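Listed in order, the protein sequences are those of chains A and B. Each residue of the first sequence is one higher than the last, beginning at 32 in our numbering. Each residue of the second sequence is one higher than the last, beginning at 1341 in our numbering.
Any given hint might turn out to be false.
Said to hold, decoys possible - Below are the DSS-like pairs computed for lysine-lysine, each with C-alpha atoms no more than 27 Å apart in a straight line:
(1) Lys526(A) - Lys1477(B)
(2) Lys399(A) - Lys422(A)
(3) Lys46(A) - Lys1354(B)
(4) Lys329(A) - Lys422(A)
As the list claims (entries may be wrong) - Quick list of simulated restraints, FRET-style, between CB atoms:
(5) Gly41(A) - Gly1475(B): 34 to 42 Å
(6) Lys1342(B) - Asp595(A): 35 to 43 Å
(7) Pro40(A) - Glu1547(B): 46 to 54 Å
(8) Lys1586(B) - Asp229(A): 34 to 42 Å
(9) Glu1547(B) - Lys518(A): 41 to 49 Å
No lab work stands behind these hints, which were simulated from the structure alone. These numbers were taken from a predicted model, which means no experiment stands behind them. We put the CB at the ideal spot given by N, CA and C, even for glycine.
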Amino acid sequence: MKLDAKVPPGPLREKWDAHVDSIRLVGPRNRPRYSVIVVGTGLAGAAAASSLGALGYQVECFCFQDSPRRAHSIAAQGGINASKGYRNDGDSVMRLFTDTIKGGDFRAREANVYRLAQLSMGIIDQAVAQGVPFAREYGGMLANRSFGGVLVERTFYCRGETGQQLLLGATSSLAKEIHEGHVRMHPRTEILDIVVVDGRARGIVVRDLVSGAISSYAADAVVLATGGYCNVFFLSTMAKGCNVTATYRAWRRGAGFANPCFTQIHPTAIPAGSEHQSKLTLMSESLRNDGRVWVPRKQGDKRPPAEIPEAERYYFLEERYPRFGNLVPRDVAARNAKEVCDKGLGVGATGYGVYLDFRDAIQRLGVKVIEARYHNLFEMYERITNEDPRKAPMRIYPAPHYAMGGLWVDYNLMTTIPGLYAIGEANFSDHGANRLGASALMQALADGYFILPVTIADYLSRNPSGEVKADHAEFKRAEAEVRERTKRLLSVNGKRTVLSFHRELGQLMLDKCGITRSRDGLEEALRKIPELRAQFWRDVKVPGGEGELNQSLEHAGRVADLLDFAELMCLDALTREESCGCHFREEHQTEEGETKRDDERFANVSVWEYQEGARPRLHQEPLAFEAVHLAQRNYKT
Amino acid sequence: MKFILRIWRQDHAKGAGAFVRHEIDGISGDLSFLEMLDLLNEQLTVRGEAPVAFDSDCREGVCGMCSLVINGRPHGPNALTTTCQLYMRHFRDGDEITIEPWRARAFPVLRDLVVDRTAFDRILEAGGYVSVHSGPKPDPNSMPVEPEVAEEALDAATCIGCGACVAACPNGAAMLFTAAKVSHLGLLPQGQPERYVRVTRMVEQMEAEGFGGCTNLGECEGACPKGISIKFIGRMNRDYYRSVLKEPIDRRGRMGAQ
Chain A
32 MKLDAKVPPG PLREKWDAHV DSIRLVGPRN RPRYSVIVVG TGLAGAAAAS SLGALGYQVE
92 CFCFQDSPRR AHSIAAQGGI NASKGYRNDG DSVMRLFTDT IKGGDFRARE ANVYRLAQLS
152 MGIIDQAVAQ GVPFAREYGG MLANRSFGGV LVERTFYCRG ETGQQLLLGA TSSLAKEIHE
212 GHVRMHPRTE ILDIVVVDGR ARGIVVRDLV SGAISSYAAD AVVLATGGYC NVFFLSTMAK
272 GCNVTATYRA WRRGAGFANP CFTQIHPTAI PAGSEHQSKL TLMSESLRND GRVWVPRKQG
332 DKRPPAEIPE AERYYFLEER YPRFGNLVPR DVAARNAKEV CDKGLGVGAT GYGVYLDFRD
392 AIQRLGVKVI EARYHNLFEM YERITNEDPR KAPMRIYPAP HYAMGGLWVD YNLMTTIPGL
452 YAIGEANFSD HGANRLGASA LMQALADGYF ILPVTIADYL SRNPSGEVKA DHAEFKRAEA
512 EVRERTKRLL SVNGKRTVLS FHRELGQLML DKCGITRSRD GLEEALRKIP ELRAQFWRDV
572 KVPGGEGELN QSLEHAGRVA DLLDFAELMC LDALTREESC GCHFREEHQT EEGETKRDDE
632 RFANVSVWEY QEGARPRLHQ EPLAFEAVHL AQRNYKT
Chain B
1341 MKFILRIWRQ DHAKGAGAFV RHEIDGISGD LSFLEMLDLL NEQLTVRGEA PVAFDSDCRE
1401 GVCGMCSLVI NGRPHGPNAL TTTCQLYMRH FRDGDEITIE PWRARAFPVL RDLVVDRTAF
1461 DRILEAGGYV SVHSGPKPDP NSMPVEPEVA EEALDAATCI GCGACVAACP NGAAMLFTAA
1521 KVSHLGLLPQ GQPERYVRVT RMVEQMEAEG FGGCTNLGEC EGACPKGISI KFIGRMNRDY
1581 YRSVLKEPID RRGRMGAQ
């Protein structure tokens, strides 16, 4: 496997423009001859499919949900960053770039991140043109709020439903292209394999989730916009259907997988309650703008929060990080919450929770102002917990939330398989070891609206269209493998449900490869995962048949792939002998308990290559920092 | 807690379907309704019976994938709540709970509690967008929008497309859903150029899909988990009538021919 990032030469500020000026394009008359498959209809997928359709390419678009509008980007709450600089607070492209590189703890590629910061402004313009109703100030101008890890206000928002509104904008453009016949939409259709012919991606194998039929689609290029894999932890803020199958199968077919151990644990979710709970619900990070995080200073203090006097409250983020206070980046906030709970200071029934208190903000600004800012979040919290956050502080705890790791891509967003692209959360590119709040929407849309539609032309233009059809022998072979795997799942007929295996895997991963990791823990996980996988294939019970709507079978296929993938995550976490961003190895910390990077050995991207029947092979893409100097992150002074 | 569940079971789209009685015990009040069904499915699977098929995805009330008519009410007894956010503490120990799929001609049942809602997507495809390509656009602050207008547009745009409004309507009408989209774009300056074409096309598609007509019963508003107001239906009707009075020549077609 050769890793060529294809970063254009020249000064950082000019790379993207020069690249666009120099790459090959496909003319408007030729575009309808080329076909592109887009898998996934979240922000990245819907933006890419609609943009490619509008350019005139033939697009086949797939999603497992019943409608493209339901992809999990819809659940993003707080906002989207853009370096518009509307607030006159010193924001700029350079500052957004620097914040993102630093927030990611120096584990992202400079050229990609700078391009992201450059394109951020156009995303807001694009979304507004589509009719996304961003919050406005009284004069009719766009409003902003601040978010973790930065000192400027650059986040645009629609109440607490920014992801929903941006996705409705993107899928409305997609609907137009479907109507005009440029995009053929395949809802309730799940990708089960990628087909590679003569070293190039040529199509996919899918299962119709209603009829159960397995079939193939061929195209001139394949784009994966299939999101992240935090459901490896079972309890996460992701949707139930989120899975790793597309990117994991691409890896098995030869695509490099980058930094699989970089997963973000979001600091502010509602704590887990009962053993049969199916997911964790996020409370937007924007709440940390007005909410103060604290725990009682005394261990086992069971008094109701209102009865605990000010002096006995430990505002641990404000005390430890006076400069950023409650707005430290997510990894720092999450780790600190775990640490105080591990010390026995946590609150709630399980002892794994901290308070997020709006008392002072309500006293200062009045309940009306706070209500207007967080109305739907308060309502959601109340519905789930039966408690009113206006009267008593919220209880929150970190939850797996976002996968920074993903398929390795070059500057054009192409994986190591020619013709196979990965965009949005499915790739590894821009967030390094930790993503800043309100940056996921920005990256997914930059990839989908502005980057991929341009860079893909360079690849397409170099090859004739329609070379390989879905009746090619490789497609038949891939289909046969998918059928075989499906039959195997159905034929085990053991005693345990798919869900019970998923829960067990999730607990193991959360313990050993979660907020903190250690050599012993990871080695233990690497022993236990193969045992659990063997048990799965010996004892799982998947009811029903192949040729029908069978949700147990869908879940079983996803869990089988997660069981394989979990091992790669742990292997990556074990190999990365340093702490950086969300990857906190207990062996590698400063005296104050902060992450301790090893830039000599690990200022690079770990890229894993699949080896049939052997341990995956590690490659490294070195990262050079020329515009921002490598430095220890400091959110204290 | 213990519950008796009467659940609509139907093997496939053409199957007959019937209510089947299931019992479940040991349910904590802190479980969501769907988690209770997960648990039931675990038990059915272990016993060698077919689990109940139902849709869900985000389980935080925003994707619109979950459905279910619970004791005759779409999304169950609580106002402004999707099924995934409904908790068992809102039921009494020993309750008998009837669970049905959305019932509407335009939403055929695919299996058990899963229905086909692609009719909604076709309504959106008919015109639920502003026709713009990806690429450079003017700065949004060059087009100020009064905050109240932006907020009202958002009140409409917050629709999650779940279909509860259709399930609640005795006529099986999709007026609230369609009106929400028409109003969201019709209120904003960006939506003005296509305002009347949009409403015509969307209303025509809605009728072609076999949704019923509106007789001002207001059930849709009561069932909507996002609290979308029926005032938007009035707004859509006004726009629709105006569109009928507009010049009938399809200038768009001519522009394309040039």
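Hint check results:
1. Between Lys526(A) and Lys1477(B) the CA atoms are separated by roughly 58 Å; this puts the pair beyond 27 Å, and the hint is violated.
2. Distance check on the hinted pair: Lys399(A) and Lys422(A) sit about 13 Å apart at the alpha-carbon level, within 27 Å; holds.
3. Distance hint between Lys46(A) and Lys1354(B) is unfulfilled; the C-alpha atoms sit about 58 Å from each other, more than 27 Å.
4. Of the supplied pair hints, the one linking Lys329(A) and Lys422(A) holds, its CA atoms being roughly 23 Å apart against a limit of 27 Å.
5. The beta-carbon spacing between Gly41(A) and Gly1475(B), approximately 24 Å, falls outside the hinted interval of 34 to 42 Å.
6. Between Lys1342(B) and Asp595(A) the CB atoms are about 39 Å apart, so this pair conforms to the stated range of 35 to 43 Å.
7. Our hint of 46 to 54 Å for Pro40(A) and Glu1547(B) is violated, since their Cβ atoms are close to 59 Å apart.
8. Roughly 56 Å separates the CB atoms of Lys1586(B) and Asp229(A), a value that falls outside the hinted 34 to 42 Å.
9. Distance hint check: the CB atoms of Glu1547(B) and Lys518(A) are about 45 Å apart, consistent with the given range 41 to 49 Å.
When the structure is compared with the earlier hints, violations turn up for hints 1, 3, 5, 7, 8 and for no others.
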